[in-house]
Amino acid sequence: DAGVIQSPRHEVTEMGQEVTLRCKPISGHDYLFWYRQTMMRGLELLIYFNNNVPIDDSGMPEDRFSAKMPNASFSTLKIQPSEPRDSAVYFCASSLLRLAANTGELFFGEGSRLTVL
Amino acid sequence: RKEVEQDPGPFNVPEGATVAFNCTYSNSASQSFFWYRQDCRKEPKLLMSVYSSGNEDGRFTAQLNRASQYISLLIRDSKLSDSATYLCAVIRGGSQGNLIFGKGTKLSVKP
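Protein sequences, first through last, are from chains A and B. Sequential numbering of the first sequence, starting at 1, is according to this note's numbering. Sequential numbering of the second sequence, starting at 1, is according to this note's numbering.
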C-alpha cells in the first residue's frame, strides 16, 4: 500500500521565490499534519486538518505560510515569499481517527528538503 | 520552557549495553505519550506508546511518571541497528490532534 507521498523531495530556490510543497495522505485517513524540522527547533507542528478542514494553524510561523486541503487526497503548503530561514525538512503526516483514541501513530511522508539561498 | 524537552545526547554506547532516555513535558493536562524513532535523513516512525502502568516491547520498556511529568525509554541489550534519534511525543492537553515532539535524543551504538 502506498504511504504518504510528498513532492518535491528536494528543492533549492532563491530568496523571494514562491515554494509549493505537496502531499498525498494515505487513503482513508481523516487527519493530515504539516511539520517542519530543523536542527535548532526540532520537529514543529505547523498546521493540521481534520476531514479537509484546518483545525489548528497556530504553528504557522507567519503570513508567508499558507496551507490548503482542497480534497481528502491532496494538500499543499505554500511559502511566499521564501526566506533563507525557511530552510528545513517539511514533513506531511496522516492519521486515522482521533490521535487520542488510537495508538498515536502518525504516518509520515519522506519529507521535502527545502533550501532557500 | 519548551513543552517537551529531551537531552539531545549523543549517547554513545557499546553493543549489549542498557541505555535510558528521559523526556519531560510541561503541560500537566497532557494525556497521551509516545516514543518515535527517526533514522538519519528519514521520517519519524512510531516505536511505542507509553501507558500509565508502563509497557514493554521486547528489549524496549517505556514508563510514565505523571507526578514528575516525564516519560522514559529503556533499551536493553542494545544493537547496532538501534542507532537512531529517539523522539518523545505528547498529545497537547485539551486537544485532539496536537502531537508535540521533543527535539530528540541521538543514540549511537558502537561495536
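Heads up, some of the hints might be wrong.
Claimed, not checked - Derived PhoX-like pairs (lysine-lysine); straight-line CA-CA distance at most 25 Å:
(1) B:K106 with A:K24
(2) A:K78 with B:K42
(3) A:K24 with B:K42
To be clear, the hints were calculated from the coordinates, so they are not data collected in a lab.
Each hint tested on the structure:
1. With a C-alpha separation of about 30 Å, the suggested pair K106 (chain B) and K24 (chain A) falls outside the 25 Å cut-off, and the hint is violated.
2. The suggested pairing of K78 (chain A) with K42 (chain B) holds, with an alpha-carbon distance near 22 Å, which does not exceed 25 Å.
3. A distance of roughly 18 Å separates the Cα atoms of K24 (chain A) and K42 (chain B); the hinted pair therefore holds under the 25 Å criterion.
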